[in-house]
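Following the hints, put chain B in place on chain U, whose structure we already have.
The listed protein sequences correspond, in order, to chains U and B.
Quick note: to get our numbering, add 437 to the position in the first sequence (first position is 1).
Quick note: to get our numbering, add 437 to the position in the second sequence (first position is 1).
Keep in mind that the hints were calculated from the coordinates and are not lab data.
Just so it is clear, CB atoms sit at the ideal spot from N, CA and C, and this is done for glycine as well.
Don't take every hint at face value.
Claimed, not checked - Partial list, computed: chain U residues near chain B (C-beta under 7 Å):
| id | residue |
| --- | --- |
| 1 | Leu560 |
| 2 | His598 |
| 3 | Ser600 |
| 4 | Tyr601 |
| 5 | Val788 |
| 6 | Arg804 |
| 7 | Phe807 |
| 8 | Val809 |
| 9 | Thr815 |
| 10 | Lys817 |
| 11 | Leu820 |
| 12 | Phe824 |
As the list claims (entries may be wrong) - Listed next, the stretches of chain B that the computed footprint assigns to chain U, with coverage defined by at least 3 CB atoms under 8 Å from CB atoms of chain U:
| id | stretch |
| --- | --- |
| 13 | 648 to 655 |
| 14 | 817 to 828 |
The chain contents come next:
Protein chains: 2
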Amino acid sequence: MARSVWDLLLNWWENIISPGSSATKLLGFAFMEKKPSHHDEILKHIYDGHDMKNIVVLRHCTVPNSLNDEQSNHIQLKQHTEREVEPEGSKMEIDLVGKTVENKQIILKGYTDGSPLETDMELKVGDGLKLEAPKGSNAIVVKNLYLSCDPYMRGRMRDFHGSYLPPFSPGSAIEGFGVSKVVDSDDPNLKRGDLVSGFTNWEEYSIIHKTKTGQLRKIEQDDGIPLSYHVGLLGMPGFTAYVGFYEVCGPKKGDYVYVSAASGAVGQLVGQLAKLHGCYVVGSAGTSKKVELLKNKLGFDEAFNYKQELDLEAALMRYFPQGIDIYFDNVGGAMLDAALANMRIHGRVAVCGMVSQTNRTDTQTFRNMFSVISKRVTIKGFLQSDFVHLYPRFLEDIKGWYKQGKIVYLEDMNDGLETAPAAFVGLFSGKNVGKQVICVASELPGKGWSLTTQEIDANGGQHRSNQQRQV
Amino acid sequence: MARSVWDLLLNWWENIISPGSSATKLLGFAFMEKKPSHHDEILKHIYDGHDMKNIVVLRHCTVPNSLNDEQSNHIQLKQHTEREVEPEGSKMEIDLVGKTVENKQIILKGYTDGSPLETDMELKVGDGLKLEAPKGSNAIVVKNLYLSCDPYMRGRMRDFHGSYLPPFSPGSAIEGFGVSKVVDSDDPNLKRGDLVSGFTNWEEYSIIHKTKTGQLRKIEQDDGIPLSYHVGLLGMPGFTAYVGFYEVCGPKKGDYVYVSAASGAVGQLVGQLAKLHGCYVVGSAGTSKKVELLKNKLGFDEAFNYKQELDLEAALMRYFPQGIDIYFDNVGGAMLDAALANMRIHGRVAVCGMVSQTNRTDTQTFRNMFSVISKRVTIKGFLQSDFVHLYPRFLEDIKGWYKQGKIVYLEDMNDGLETAPAAFVGLFSGKNVGKQVICVASELPGKGWSLTTQEIDANGGQHRSNQQRQV
Chain U
438 MARSVWDLLL
448 NWWENIISPG
458 SSATKLLGFA
468 FMEKKPSHHD
478 EILKHIYDGH
488 DMKNIVVLRH
498 CTVPNSLNDE
508 QSNHIQLKQH
518 TEREVEPEGS
528 KMEIDLVGKT
538 VENKQIILKG
548 YTDGSPLETD
558 MELKVGDGLK
568 LEAPKGSNAI
578 VVKNLYLSCD
588 PYMRGRMRDF
598 HGSYLPPFSP
608 GSAIEGFGVS
618 KVVDSDDPNL
628 KRGDLVSGFT
638 NWEEYSIIHK
648 TKTGQLRKIE
658 QDDGIPLSYH
668 VGLLGMPGFT
678 AYVGFYEVCG
688 PKKGDYVYVS
698 AASGAVGQLV
708 GQLAKLHGCY
718 VVGSAGTSKK
728 VELLKNKLGF
738 DEAFNYKQEL
748 DLEAALMRYF
758 PQGIDIYFDN
768 VGGAMLDAAL
778 ANMRIHGRVA
788 VCGMVSQTNR
798 TDTQTFRNMF
808 SVISKRVTIK
818 GFLQSDFVHL
828 YPRFLEDIKG
838 WYKQGKIVYL
848 EDMNDGLETA
858 PAAFVGLFSG
868 KNVGKQVICV
878 ASELPGKGWS
888 LTTQEIDANG
898 GQHRSNQQRQ
908 V
Chain B
438 MARSVWDLLL
448 NWWENIISPG
458 SSATKLLGFA
468 FMEKKPSHHD
478 EILKHIYDGH
488 DMKNIVVLRH
498 CTVPNSLNDE
508 QSNHIQLKQH
518 TEREVEPEGS
528 KMEIDLVGKT
538 VENKQIILKG
548 YTDGSPLETD
558 MELKVGDGLK
568 LEAPKGSNAI
578 VVKNLYLSCD
588 PYMRGRMRDF
598 HGSYLPPFSP
608 GSAIEGFGVS
618 KVVDSDDPNL
628 KRGDLVSGFT
638 NWEEYSIIHK
648 TKTGQLRKIE
658 QDDGIPLSYH
668 VGLLGMPGFT
678 AYVGFYEVCG
688 PKKGDYVYVS
698 AASGAVGQLV
708 GQLAKLHGCY
718 VVGSAGTSKK
728 VELLKNKLGF
738 DEAFNYKQEL
748 DLEAALMRYF
758 PQGIDIYFDN
768 VGGAMLDAAL
778 ANMRIHGRVA
788 VCGMVSQTNR
798 TDTQTFRNMF
808 SVISKRVTIK
818 GFLQSDFVHL
828 YPRFLEDIKG
838 WYKQGKIVYL
848 EDMNDGLETA
858 PAAFVGLFSG
868 KNVGKQVICV
878 ASELPGKGWS
888 LTTQEIDANG
898 GQHRSNQQRQ
908 V
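In isolation and in its complexed conformation, chain U is listed as follows:
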C-alpha cells in the first residue's frame, strides 16, 4: 500500500535530513498545494526550532496524494546555498526604498554566433544601485522575483539587427521576461508592492524606465496560481501556445496533431489545448523521463524520444499512419523536414521556434519541401506579440482551465541568479524539464523568505539546478 505523501515527507524530515545537517547546510522542504492550510502546517513543522536563515524550501511543488516506492525515489531534495533571508511584504519595500544595494547581475560578455556557452555570460556585482524612482521620471524600481529562460533569447546574443527584437548590449545585464515586485514607483499606475510581469533584466533589482513600463502587466495575485506562472503558463510561452494553436493552426476536432519539444514551456500547453479541442496528440521529447511525463502527466495520446529514432520520417509515419493535420514546430530543421513528409492534405505547420538551429543562418537541409505543394501545406511562422488583443481572453480561458484541473503545467525551477547562465544554456541541449524559470527571490505570500536552492540528486553528489513542478 502506498504511503501518504505527508507521512513520507515528515519521515524524511525527521529521520533523514535533519539529524545530519550542519547549521549552515540545513536541508529542508516545504510542500505547497492547493490547500494553503496544509502548506502552512508543513512549513511550521519544518522551521519550528530552526534558524529561519537555513530553511530551504522545495517551493510550489505538488505531488500526488500517494506515492509508490519508485515515485518516492524521485522526490527532489534541496541543498541550501547560504542566501540571506530577506523579509518581504510591505515592510520589505518600505525598508528598501532609498537604500543602495550591490545588485548582482548576469551580463552578456559579448556577441556569439554559435551555440551559447555559460562563459558568454558572467555574474557581475554592480557598483551600487539606489532603490529610488526619481521624481518626474515615471520610472519604477523593482525587485526581480522570477526570471524566464527562453530559447528566443539566443537570437539577441547575436550582432544581428534584422530580427524582431534588437540584440542585447554586451556588458549590460541580459533582458528577459520576469515577475517583479515594485519597490518604488514614479509611475501613477503602479505603486509599491505591486507585482508586475514583463521585460526586466537579469539582476536582483531593476530600474524600468518610462519607455518600457507600458509593456509591463500588473499581476492580480491569485493564491491558486503560483507567481512564477506569469512567465510560463500565463506569460509569453503560454500565450504563444494559445495563439499558436487556436489562431495559427486552425484546429478542428479530430485533427491529428504533432508537437515537438512537447514537454517544453510552449509544447506542453499546446498538447493539452489540442486534447481539450478533441484532437489526437503525439509529442516528442529528448529523454524517456519527458516521454513518460507527456503520456502520464500531460495527457498526450502518444509520445516518443526523438533521440532514439534513427529515421524521423519513419517514426512519424509509425505514430501517424494516417498523416499529420497540424504540426506545431518548436525545433525546425530535420524534424520539420520529417513532418513535411508526413503531412496530410491541407495540413498546417505553425512554426513557433527553431531550437535545433544554432546560428541564425545555419544551413538546414530539406528533402520534403515538395510536399508543401503536393499536400497543399501551409507553413506559418508567428510571434505571440502580434496577438496581444487576445491576451485577456487567453488569461480568462487558461486561468479557468487551470483552476478546473483541465490543464497542468510543468516548471523547471532553478534557484539563484547565478544559476541563470547554466539554465539558459541547458535549454539548447534539452536539460530543462518543463518551463525553465530562475528564482531570484521567492515570494511566498504572507511568509516572506528569499531562498536559493540547488539540487542534490537522490543518488548523491551530482549538482544541477533543477526543480520540477508537477501540478
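For chain B alone, kept in the frame of chain U given last:
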C-alpha cells in the same frame, strides 16, 4: 520610319520566300491578329496559286503594328515538314468516323528519377485505332489539336504513388492537358465537332473513357481567343496564376510582388494580375530576351536574369530594398531561400512549383528558414484543382481583360507531336519562352488545315521548334 508589318510580311512572302521554294519545301506564313478579316486576307494572299499541302503557317502570331529594323529581324520563319494536310470542320469528322488510323503516340519508356531526357520518351506508331466511340460506352474519340507541356508532368514520370496524381504507365502514351476536337461521341453531352479541353494523351487521336470525360471542359469557340490558349491563359496555368495570386497570396494594392520563372506559363500572368491589382512587380527569368519581354511586353516594373546573379539574396535586396510582400514561387530551392531572407513582415509565399528540384526528394539547402518566424511569413503550397469552383469567375475575368487588351499572353508553340519530348525536356532548362504548347493539328476556324512547322533561325540552319506568340 518603321514599316508596316503588313508591308514587311507581304514583301517577305513575295520576294524572299516564295521564289526559291521547291514544291515540297515551300515556306510561308500567316498572320493572325485581333481582326480576323486581316487574317483571312493574308492567308488568301499566301495560298492563292499554291498547293495547300505545302503551306506553312506562322499561326496565331501577332506582332506590333509597326516594326523597326531590329525587330523585323526577329520575325520567325517556318519550314514545312511535309505533313499531309487534312480537311477539318464537320466534313472532317464525318470522313474520319469508323476509319482506322495509325495514331502516332509519344510514350514514356520507363520511370526516371532524374531530370527527364528526350530518350525517356519515344515516338511510337500505334497498331491502328478505330475512330469510333462504342455504343453504350459513354466514351468519346477526339482528335488532339494542342498538347500542353507542363513542369508538373515530371512528377508523373517517377514511380511514386504518394503525390496528387498517379504516375504515368510506362509503354503508354503520356497523359496531359490538351485541346481536342470530338470525332465521335457516345456521350450525350458532347457531339461531333465539339471542342474540349482537359486531360488527353500525347497522340494524334485519343479515346477518352467515361470516367474521364467528366473532367473535360467544352470550349465555347471565340474568334478573339486562340484555341491553344485553353491549355495556357484559359487553362490550367492561367487558372493557377489566378487562384494563386488572388486566393493564396492575399494581395493588397501597393504590395511588393516578386515572381520567379516570370515569363513562364504561370508567372507571366501572375505579374500582369499583380500590376492590375496596383502592386509593384519584379520578375526573374533565365535569359536576357525573357527579361526584355517581362519589362517591355508584360509590363513588369523590373526584371532580372537570375543566371547573371552570383548572390540571389543580394539581387533581391537590390530590387526590393524595402522587402517583398508576396513571393510567387515557381522554382523553389535557392530562390525560395533567397526570397525568405528578403520577405517583409507578414509576407506571403505562394508555392506553385519547384522547377529547380530535379528529384522528388532532392536535397534543398535553406539558410533563411528562421525568417519564417522573425518575419511571420506564411508559405502556402497550393494546387489549382482545389479551386475549381472559381473557374467560371476566372474565365469571365480573364477573357474580359484579354479582350480589353489589359493582359497579353506569350506562347512557345512547337509543331508536330514528334517535337513534344524535346519541348518537354526544354522546360527544365528554360528553353521555352512563354507557355510551351505542342501543335499536333492546327485548327484554323473555317479554314481547315493540319500543319507542322519547324523553325529556321533567321541566321540560318539551326533547327529548334519554337514559335513565340506575342499578343
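Hint by hint, where does the structure go against what was stated? Just the numbers, ascending. 1, 2, 12, 13
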